[in-house]
Amino acid sequence: DIQMTQSPSSLSASVGDRVTITCRASQNISSFLNWYQHKSGKAPKFLIYAAFSLQSGVPSRFSGSGSGTDFTLTISSLQPDDFATYYCQQTYTNPGTFGRGTKVEIK
Amino acid sequence: EVQLLESGGGLVQPGGSLRLSCAASGFIFSSYAMSWVRQAPGKGLEWVSAISASGGSTYYADSVKGRFTISRDNSKNTLYLQMNSLRAEDTAVYYCAKDRERGYGDYVFDYWGQGTLVTVSS
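From first to last, the protein sequence lines stand for chains A and B. Counting in my numbering, the final residue of the first sequence is number 107, and the numbers go up one at a time with none missing. Counting in my numbering, the final residue of the second sequence is number 1122, and the numbers go up one at a time with none missing.
Looking at chain A on its own, in the form it has when it is part of the complex (with noise of 0.2 Å):
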């Protein structure tokens, strides 16, 4: 099975900042990769797939990057409603597998 290794598992951060969150592969998946986010007792929310491709909808200050084994969901603008945890999930091999999460909370 690849394993996906999400990093920090937590970060604190101000409204405004810039956020990274990376992910990383047990083994090349191309550009499997796709990134959620959620909040807690809510549905999860579909964001980016095939590692940078935006989901309709989703604000512009959300963005993918990365093929092989390393990629990043950046944030450009921390904004409020941006408090959750993402996930990123590969989907090179099927039924794909979930990182265990990156949860982003207010400084």
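Treat the hints as calculated values from the structure; they're not laboratory data. Careful: at least some of the hints might be erroneous.
[Claimed, not checked] One-sided and incomplete, this derived list gives chain B residues near chain A with beta-carbon spacing under 10 Å:
1) Phe1027
2) Ser1035
3) Glu1046
4) Trp1047
5) Ser1049
6) Ala1050
7) Ala1053
8) Arg1100
9) Gly1105
10) Asp1106
11) Tyr1107
12) Val1108
13) Asp1110
14) Tyr1111
Every residue gets a Cβ at the ideal spot worked out from N, C-alpha and C, and that includes glycine.
With chain A held as given, fit chain B onto it using these hints.
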């Protein structure tokens, strides 16, 4: 607007059974593969099971194979998960999730429900 609404969660004893439902609306349900994904307390997301758009093909995580059965009723726009021989480690919030692409299942989930909590405890 796409909506997925899970129901059927609750408290059950080890070895017991539970049936989850997910009512879908806002899209052509019969055209999309669907999955169940769970999150145990303090843990990350774990894919549990998937079913093709027609219902003819089903897939399971090793941790639930032989105990859980996924099904769907396309006439009722509803997805199901029958859970038998439940264990404490099955305690989690269970989400239904819709595949992004019509037809084949690519396990990229563009819509999720809010989840239903299953607690397995004596």
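Does the structure break any of the earlier hints, and which numbers would those be? 1 and 7
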